[in-house]
Amino acid sequence: MSSVKFGIVVFPGSNCDRDVAWVTRGLLGCPTRLIWHSESDLSGLDVVVLPGGFSYGDYLRCGAIARFAPVMGSLQEHVARGGYVLGICNGFQILTEAGLLPGALVRNANLHFICARVGIQVERQDLIWTSAYPQGSPLTLPIAHGEGRYTCEPDTLKQLQDQGQIVFRYRPPAPNGSLDGIAGLCNPTGRVLGLMPHPERAADPDLPGTDGMPLWQSILQSFAP
Amino acid sequence: MQFQAQIQIHLRPSVLDPAGVAVQSSLHQLGHTQVQQVRIGKHIRLQLEAPDAETAQKRVGELCEQLLANPVIETYHIQVDPIAA
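These protein sequence lines are chains A and B, in that order. If you count the first sequence from 1, position 158 lands on 348 in our numbering, and the numbers rise without skipping. If you count the second sequence from 1, position 61 lands on 1205 in our numbering, and the numbers rise without skipping.
Source of the hints: derived by calculation from the structure; they are not laboratory data. A portion of the hints provided could be inaccurate.
Chain B is nowhere near these chain A residues, computed Cβ spacing over 12 Å in every case [stated by the list, open to error]:
| id | residue |
| --- | --- |
| 1 | R215 |
| 2 | R251 |
| 3 | R257 |
| 4 | F258 |
| 5 | R297 |
| 6 | N298 |
| 7 | N300 |
| 8 | P324 |
| 9 | P398 |
| 10 | M403 |
No farther apart than 20 Å at their CA atoms in a straight line, the calculated lysine to any residue pairs in the SDA-like style are these [stated by the list, open to error]:
| id | chain 1 | residue 1 | chain 2 | residue 2 |
| --- | --- | --- | --- | --- |
| 11 | B | K1186 | B | H1221 |
| 12 | A | K348 | B | V1159 |
| 13 | B | K1186 | A | I255 |
| 14 | B | K1186 | A | Y249 |
| 15 | B | K1186 | A | P378 |
| 16 | B | K1186 | A | L301 |
| 17 | A | K348 | A | L301 |
| 18 | A | K348 | A | A364 |
Facing chain A, from chain B, some residues (calculated, C-beta under 7 Å) [stated by the list, open to error]:
| id | residue |
| --- | --- |
| 19 | V1159 |
| 20 | P1162 |
| 21 | N1214 |
| 22 | V1216 |
| 23 | I1217 |
Ideal placement from N, C-alpha and C gives every residue a C-beta, glycine not left out.
Kindly produce the complete structure, drawing on both the sequences and the hints.
Laid out in structure tokens, this is it:
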């Protein structure tokens, strides 16, 4: 199996960075580099992960301040070069604030911080993120967020639907009130993925639930020669 | 010249404001059933140096577009007042 080079961006307030590293380095044995938000060197990386957490305390809006971190300029270049980006939870929020993914994530409809294992549907299996998921199998993945309700303008939603950019949906009803049940989406090229569920928290066989593991295995398989 | 800017930020009318809905429901339970359209937003106050009020207004608009508001989901209203020396 090929060795995918992972980078994990660490913002002040990130708290899932080491969980991601445990999967990519600890379980998959891939070279993994933690990148402090003030750094700008993303050279040699295949996949850059923006992890979950509360970057900059979620002040103003989730991800609003993180998007101006020095590393984000390099991330834009990484995307322009055709690099892969995975934003999980707060990372997804940062990607929308940065304009790398459309729409926004706002307060859950019931105003609760939801920490639960929820049903998820994979809507596309032809991406490097999802190819290892069996067709049509419902997943259970953990979510933990207060601002995960996806919203966008009707035109944008139509575009997401028409171009097949919706990658994950909550099994109805969406626990956070997300528009069209959206739990995760990609950009038009499919190289940038953002999702609210935590695949890194459902990957270690020593812990309950491993439905996140195929996402990581998909990446490895896609890079295999 | 020093100016004080007051910025009100709200979710766009098309975006559900669950906190506003909850507060409206609470007001109704207290008997204030005439209350409608409760929206909860943010109020940001800041001071800035600018040659005139028009320029100050324009600069604050730029701050809103760049960072203070997210135009995808929010609208903003700016009021600029000169600070007496």
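Evaluation of the provided hints:
no. : hint              : in the structure
1   : R215              : holds, 34 Å
2   : R251              : violated, 6 Å
3   : R257              : violated, 9 Å
4   : F258              : violated, 7 Å
5   : R297              : violated, 6 Å
6   : N298              : violated, 7 Å
7   : N300              : violated, 7 Å
8   : P324              : holds, 35 Å
9   : P398              : holds, 31 Å
10  : M403              : holds, 33 Å
11  : B:K1186 x B:H1221 : holds, 11 Å
12  : A:K348 x B:V1159  : holds, 17 Å
13  : B:K1186 x A:I255  : holds, 16 Å
14  : B:K1186 x A:Y249  : holds, 12 Å
15  : B:K1186 x A:P378  : violated, 33 Å
16  : B:K1186 x A:L301  : holds, 17 Å
17  : A:K348 x A:L301   : violated, 27 Å
18  : A:K348 x A:A364   : holds, 19 Å
19  : V1159             : holds, 6 Å
20  : P1162             : holds, 5 Å
21  : N1214             : holds, 6 Å
22  : V1216             : holds, 5 Å
23  : I1217             : holds, 4 Å
The structure is inconsistent with the numbered hints 2, 3, 4, 5, 6, 7, 15, 17, although it conforms to all the rest.
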